[in-house]
Amino acid sequence: DAGVIQSPRHEVTEMGQEVTLRCKPISGHDYLFWYRQTMMRGLELLIYFNNNVPIDDSGMPEDRFSAKMPNASFSTLKIQPSEPRDSAVYFCASSPHWGLAGSSYNEQFFGPGTRLTVL
Amino acid sequence: LAKTTQPISMDSYEGQEVNITCSHNNIATNDYITWYQQFPSQGPRFIIQGYKTKVTNEVASLFIPADRKSSTLSLPRVSLSDTAVYYCLVGGNAGNMLTFGGGTRLMVKP
Chain A
1 DAGVIQSPRH EVTEMGQEVT LRCKPISGHD YLFWYRQTMM RGLELLIYFN NNVPIDDSGM
61 PEDRFSAKMP NASFSTLKIQ PSEPRDSAVY FCASSPHWGL AGSSYNEQFF GPGTRLTVL
Chain B
1001 LAKTTQPISM DSYEGQEVNI TCSHNNIATN DYITWYQQFP SQGPRFIIQG YKTKVTNEVA
1061 SLFIPADRKS STLSLPRVSL SDTAVYYCLV GGNAGNMLTF GGGTRLMVKP
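Residue numbers (the working numbering), protein chains in the order written: chain A, 1 to 119; chain B, 1001 to 1110.
Derived by calculation from the structure, the hints in this document are not laboratory data.
Just so you know, even glycine gets a beta-carbon here, dropped at the ideal spot from N, CA and C.
One or more hints might be untrue.
Restraint ranges, calculated between C-beta atoms of paired labels, are given here [claimed, not checked]: (1) T1056(B) - R41(A): 26 to 36 Å; (2) Q80(A) - P1065(B): 32 to 42 Å; (3) P1110(B) - T76(A): 39 to 49 Å; (4) R1105(B) - T117(A): 18 to 28 Å; (5) P84(A) - T1029(B): 35 to 45 Å; (6) N1030(B) - R41(A): 24 to 34 Å; (7) T1029(B) - D56(A): 18 to 28 Å; (8) P1110(B) - N52(A): 47 to 57 Å; (9) R1077(B) - Q80(A): 41 to 51 Å; (10) D1067(B) - V12(A): 45 to 55 Å; (11) T1053(B) - T117(A): 40 to 50 Å; (12) T76(A) - R1045(B): 18 to 28 Å; (13) E14(A) - T1053(B): 48 to 58 Å.
Residues of chain A clear of chain B, computed beta-carbon distances all greater than 12 Å [as the list claims (entries may be wrong)]: (14) A67; (15) N71; (16) F74; (17) Q108; (18) V118; (19) L119.
Go ahead and model the full structure; you've got the sequences and the hints to work with.
Here you go:
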């Protein structure tokens, strides 16, 4: 398996523009997570899905952010309109299972990230 | 969510054993303890996970005392390639999400 795939790897845009980040999880993984990483705030969980359904979006900073998972092999994180403070590295991760009572490992497999710069 | 506290940075030399301790005083009964490693420009990578006592795999050991209020990641005989940021997390059970703290920046010197 190629692992978690994210695109684009780098994105530079101007303030006010719409930005769409894409993620392809590892086949067979039921959970998908979106994170944001900055020097100031570290690695923050934005939202996660189980079987394509959003479970917890409490980490989404504001209404400008939205995430979808139309099928098991694709997810998007959209920012509209983008602002300079959205500049960060956005990671997507997937997991075969999560939080199952008695499960031995709750491993998340991270993608390479998308470095977003909003000018 | 359980909060974790770990040293901001550590230095070591090649061939030495490195122990990174993490405090998690309000860990819940169902929480697991997980460690991730992150290299620059890469996503975090799972190292090891445990619930209690000791867990060992091919790259590290995890020591967890009986009260589970702390844990220690042990890296045997580190090399330059072990220079990275190491994150301690608690949670991951019954829908309880993991929170990444600030991590420990390990610098391995020749």
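*Enumerate the violated hints, using their earlier numbering and listing them in ascending order.*
2, 17
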